[in-house]
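S.K.: As given, the protein sequences belong to chains A and B, one line each in that order.
The numbering of the first sequence is the working numbering, which starts it at 9 and goes up by one.
The numbering of the second sequence is the working numbering, which starts it at 101 and goes up by one.
Source of the hints: derived by calculation from the structure; they are not laboratory data.
One thing to keep in mind: the hints can contain errors.
[Said to hold, decoys possible] Not close to chain B: a few residues of chain A, all C-beta gaps over 10 angstroms, as computed:
no., residue
1, Glu48
2, Leu53
3, Thr65
4, Glu91
5, Arg102
6, Ile105
7, Glu212
8, Ser225
9, Lys388
10, Arg399
[As the list claims (entries may be wrong)] Here's a subset of chain B near chain A, in silico, CB distances under 8 angstroms, partners left out:
no., residue
11, Thr216
12, Ala220
13, Gly233
14, Leu272
15, Ala318
16, Asp332
17, Ala335
18, Thr373
19, Ser374
[To be verified] Derived list of chain A stretches under chain B, where covered just means 3 residues or more per stretch with a C-beta under 8 angstroms from a C-beta of chain B:
no., segment
20, 119-129
21, 197-209
22, 228-240
23, 243-251
24, 293-299
Each residue gets a CB set at the ideal place from its N, CA and C atoms; glycine is no exception.
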Amino acid sequence: MFDALSARFAKTFGGLRAKGKISSSDIESVLAEIRSALVEADVALEVVNLFSDRIQTQVITLLPTLQAGSNQAQAIFDVVNLELTAILGSESRRIRIAKNPPTVVMLAGLQGAGKTTLAAKLAKFYKDQGNTPLLVAADLQRPNAVTQLQVLGQQLDIPVFAPEHGNGSGNAVHVARDGIAHAKSKMYNMVIVDTAGRLGVDDELMDEAIAIKNEISPNEILFVIDAMIGQSALTTARAFEEGVGFDGLVLTKLDGDARGGAALSITEIIKRPIMFISTGEKISDFDIFYPNRMASRILGMGDVSTLAEQAKKAMNPETSAKLEEKFARGEDFTLEDFLEQLEAMAKMGSMGKLLSMLPGAASMKKQIENFDEGEIVRTKAIVQSMTPQERRDIKVLNGTRRSRIALGSGRAVSEVNSLVERFSAAQKAMKAMRSGNVPAGMSSGMPDMRPPKQPVIHKKKSKSGNPAKRAAEERG
Amino acid sequence: MGIFSKFLSKIKATETPNKADLEEFYDALIAADLGENLSRAIIEQAQTVKAESAEESLQDVLISQLSKKSRELLPDSGLTVVMIVGVNGSGKTTSVAKLANKFRDEGTVVLAAADTFRAAAVEQLQTWGERLGIEVISGKGNSDPASVVFDAIEKSLASQAKFLFIDTAGRLHNKNDLMNELGKVKRVAEKSSPVQEVLLVIDATTGQNGLQQAKIFAEAVDVTGIILTKLDGSARGGIALAIENALDIPIKFIGTGETVEDIVEFDPIKFVTSLFS
Numbered sequence: 009m010f011d012a013l014s015a016r017f018a019k020t021f022g023g024l025r026a027k028g029k030i031s032s033s034d035i036e037s038v039l040a041e042i043r044s045a046l047v048e049a050d051v052a053l054e055v056v057n058l059f060s061d062r063i064q065t066q067v068i069t070l071l072p073t074l075q076a077g078s079n080q081a082q083a084i085f086d087v088v089n090l091e092l093t094a095i096l097g098s099e100s101r102r103i104r105i106a107k108n109p110p111t112v113v114m115l116a117g118l119q120g121a122g123k124t125t126l127a128a129k130l131a132k133f134y135k136d137q138g139n140t141p142l143l144v145a146a147d148l149q150r151p152n153a154v155t156q157l158q159v160l161g162q163q164l165d166i167p168v169f170a171p172e173h174g175n176g177s178g179n180a181v182h183v184a185r186d187g188i189a190h191a192k193s194k195m196y197n198m199v200i201v202d203t204a205g206r207l208g209v210d211d212e213l214m215d216e217a218i219a220i221k222n223e224i225s226p227n228e229i230l231f232v233i234d235a236m237i238g239q240s241a242l243t244t245a246r247a248f249e250e251g252v253g254f255d256g257l258v259l260t261k262l263d264g265d266a267r268g269g270a271a272l273s274i275t276e277i278i279k280r281p282i283m284f285i286s287t288g289e290k291i292s293d294f295d296i297f298y299p300n301r302m303a304s305r306i307l308g309m310g311d312v313s314t315l316a317e318q319a320k321k322a323m324n325p326e327t328s329a330k331l332e333e334k335f336a337r338g339e340d341f342t343l344e345d346f347l348e349q350l351e352a353m354a355k356m357g358s359m360g361k362l363l364s365m366l367p368g369a370a371s372m373k374k375q376i377e378n379f380d381e382g383e384i385v386r387t388k389a390i391v392q393s394m395t396p397q398e399r400r401d402i403k404v405l406n407g408t409r410r411s412r413i414a415l416g417s418g419r420a421v422s423e424v425n426s427l428v429e430r431f432s433a434a435q436k437a438m439k440a441m442r443s444g445n446v447p448a449g450m451s452s453g454m455p456d457m458r459p460p461k462q463p464v465i466h467k468k469k470s471k472s473g474n475p476a477k478r479a480a481e482e483r484g
Numbered sequence: 101m102g103i104f105s106k107f108l109s110k111i112k113a114t115e116t117p118n119k120a121d122l123e124e125f126y127d128a129l130i131a132a133d134l135g136e137n138l139s140r141a142i143i144e145q146a147q148t149v150k151a152e153s154a155e156e157s158l159q160d161v162l163i164s165q166l167s168k169k170s171r172e173l174l175p176d177s178g179l180t181v182v183m184i185v186g187v188n189g190s191g192k193t194t195s196v197a198k199l200a201n202k203f204r205d206e207g208t209v210v211l212a213a214a215d216t217f218r219a220a221a222v223e224q225l226q227t228w229g230e231r232l233g234i235e236v237i238s239g240k241g242n243s244d245p246a247s248v249v250f251d252a253i254e255k256s257l258a259s260q261a262k263f264l265f266i267d268t269a270g271r272l273h274n275k276n277d278l279m280n281e282l283g284k285v286k287r288v289a290e291k292s293s294p295v296q297e298v299l300l301v302i303d304a305t306t307g308q309n310g311l312q313q314a315k316i317f318a319e320a321v322d323v324t325g326i327i328l329t330k331l332d333g334s335a336r337g338g339i340a341l342a343i344e345n346a347l348d349i350p351i352k353f354i355g356t357g358e359t360v361e362d363i364v365e366f367d368p369i370k371f372v373t374s375l376f377s
């Protein structure tokens, strides 16, 4: 994950600034890096080559216009990022609402892609917008797929049409057909049809999907695809497109760390929009698609916006709300709040991984690799050794208190000092954010968690002639 | 067409592969999800392959990249406990049912429904249990998976069962708390009985992320083998080979369909040969 494209370019271009002129072999090196990064991201080979060719033209045009000594690596990176974002977002549109209700949405895809969970998410999404969706349980193959949908429907208070319990028996085409009729008779304005997972190469099952489609004439067929899918994504998408056909895509399991190159492959070649994304197992883990975030992800830059959202989610919602209230009231961010955030971050994932999701992570590679997970544990120990008053107001932390805290947490006084210093800086930054000056490199709500650069310590020679005082000064 | 077949015919025709042939071969390996590292390693060795023994040589090249560890399920003389783990949607529950069916002739099989998170996950395994006439141990709704496993082991030991297959909830490897939970489930199990196998289920369509999956799961619960599922599709499952190569974790079984019989023991030579055709 550290091989962010920008870092690779920086390496390739390392010697070029001195050169001034860029040869065609230099350009080829850069293109090779781009291709390698895209392959690593699971973009289909044919798309990697197509993309590379397109970029080549742009790069060749751009480079001579750049001032000598300017950041060519960054310029090329921007070209790649922009082009990627453009392709990913080129077909963007909303779901088509039927002139005469109900709007019928049919889900299709491979086994295990996440269709059933998605069906419930879609239903909730549209219900929250004031619609009256009906879920139709037409996956009669997977044991208890129908039960799963019924349980979800009950949890969300959304009706589920499930005349057959499935488990290998029943006619999915009839269920779908009857589901639409049921929706019309009850005046539901939307129908979401969950279907069985099927392989692109299974003609019999593809025929069944086509039969369902012909029977219910969906306004939208959404192809549901797992973000971790590899090179076979395009073959599979083509098979579905040529079989049942689809109007849009939903990318699932984006809460994982798969780069998701399939998104590019399918938008580029099959030219269908990615309409939604699934970002977790909870019903609320559902969102519209953001092309720029996906581009960042494919390029290995991580996804800062999603990270910030996940950070918010990982924090206890009560804690977040409390924090926001404090801000609104103009109260200070305290060490207690800091501790709560630390605990939430530990829950979210290892620090190293989190840090690697930040842009520019590649240049911080050394610091990240040397980042000590134990840092959080030690920090926690220090904060927990403080009294509530001390956590609320670091100004009371005199030498005696700091010594006591150090003893109680089993750490050195210098570590306590270092924490207080860092926290104080974070507090100032929070204040600044509240007044509208967002410091560079921070996502909202998160203090700078990076370990401090090792300070160059200029040991001040003690001026006191009194040995006891000198010793005290040196102890800090 | 097999990933190797084009390259093979080129060598047979021209004696030694030229640069273009090697590049084409490299692309075929990438297209099968073998990833850059393994593909490069194979290409390097493929350069010295001679025409007369091309097919065998290439087979050897590929097999030499795979794990040398045993591909058999390591049974105990008493109870053999097998934990099935993996990311969401990989095919764990279906694989548990297939394994139960496969090993039932060797003695009593018990299943543990330790996916206490997903809606109707327990019911899904119970349906399989009913179909197969195999006992499924489960807990009350939303109970702790570790306690279900503890319970299942106690009952399996008491009834002198031969095999206990534990179905766990799907989880993404980058979810720290879920990986910790899995580690805890295994540790709780080990208080009562050794866990002889932890099988990681990998969907054959998975791309390069599969390597990260395997790495993190192995760190959390010491994976002893892989079940490669959904090979009946168009994906070649190359990522599993990459995992073997990078982490020395052997593929033990492959899944080839949705019915309970669609499971085979992994045979590297057969698998590699099929990549040629």
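S.K.: For each hint, tell me whether it holds in the structure or not.
M.R.: Cross-check of the supplied hints:
For A:Glu48, the shortest C-beta to C-beta distance to chain B comes to about 6 angstroms, within the 10 angstroms cut-off, and the non-interface label is violated. For A:Leu53, the condition that its CB be more than 10 angstroms from all CB atoms of chain B is violated, with the nearest at approximately 6 angstroms. At the 10 angstroms boundary, the C-beta of A:Thr65 stays outside the reach of chain B, the nearest C-beta of that chain being 22 angstroms off. A cut-off of 10 angstroms between C-beta atoms confirms that A:Glu91 is not in contact with chain B; the least separation is 21 angstroms.
At roughly 27 angstroms, the least C-beta separation between A:Arg102 and chain B is larger than 10 angstroms, which holds for a residue marked as non-interface. The Cβ of A:Ile105 lies farther than 10 angstroms from every Cβ of chain B, with a closest approach of about 29 angstroms, so its non-interface assignment holds. Listed as outside the interface, A:Glu212 is consistent with that label: its C-beta sits roughly 12 angstroms from the nearest C-beta of chain B, beyond the 10 angstroms cut-off. Interface exclusion of A:Ser225 from chain B stands, the closest Cβ pair being 28 angstroms apart, more than 10 angstroms.
Consistency note on A:Lys388: stated as away from chain B, and its beta-carbon is indeed over 10 angstroms from all of that chain's, at 16 angstroms minimum. Here A:Arg399 stays apart from chain B, with its beta-carbon at least about 25 angstroms from theirs, past the 10 angstroms limit. Violation of the interface hint for B:Thr216 is found here, the shortest Cβ-Cβ separation to chain A being roughly 13 angstroms, above the 8 angstroms cut-off. Because the closest C-beta pair between B:Ala220 and chain A is about 4 angstroms apart, less than 8 angstroms, the hint holds.
The beta carbon of B:Gly233 comes no nearer than 15 angstroms to any beta carbon in chain A, farther than 8 angstroms, and the hint placing it at the interface is violated. Because the closest C-beta pair between B:Leu272 and chain A is about 4 angstroms apart, less than 8 angstroms, the hint holds. About 15 angstroms separates the beta-carbon of B:Ala318 from the nearest beta-carbon of chain A, more than 8 angstroms, and the hint is not met. A hinted interface residue such as B:Asp332 counts as satisfied when its beta carbon comes closer than 8 angstroms to some beta carbon of chain A; here the least separation is about 6 angstroms, so the hint holds.
Satisfaction of the interface hint for B:Ala335 is found here, the shortest Cβ-Cβ separation to chain A being roughly 4 angstroms, below the 8 angstroms cut-off. Using the Cβ-Cβ criterion of 8 angstroms, the hint placing B:Thr373 at the interface with chain A is not satisfied: the shortest such distance is roughly 20 angstroms. The beta carbon of B:Ser374 is not positioned within 8 angstroms of any beta carbon in chain A (closest approach about 15 angstroms), and the interface hint is therefore violated. Counting residues of the segment 119-129 of chain A whose C-beta sits closer than 8 angstroms to any C-beta of chain B gives 4, which meets the bar of three, so the coverage hint holds.
Taking a C-beta to C-beta cut-off of 8 angstroms, the segment 197-209 of chain A contributes 3 residues in contact with chain B, enough for the three needed, and the coverage statement holds. Chain B is given as covering the segment 228-240 of chain A, and this holds because 6 residues of the stretch bring a CB closer than 8 angstroms to a CB of that chain, at least three being needed. Look at the segment 243-251 of chain A against chain B: 3 of its residues bring a Cβ nearer than 8 angstroms to a Cβ of that chain, three or more, so the hint holds. Given as covered by chain B, the segment 293-299 of chain A fails the check, having 0 residues with a CB less than 8 angstroms from a CB of that chain where 3 are the minimum.
Of the numbered hints given earlier, the model fails hints 1, 2, 11, 13, 15, 18, 19, 24; all others are met.
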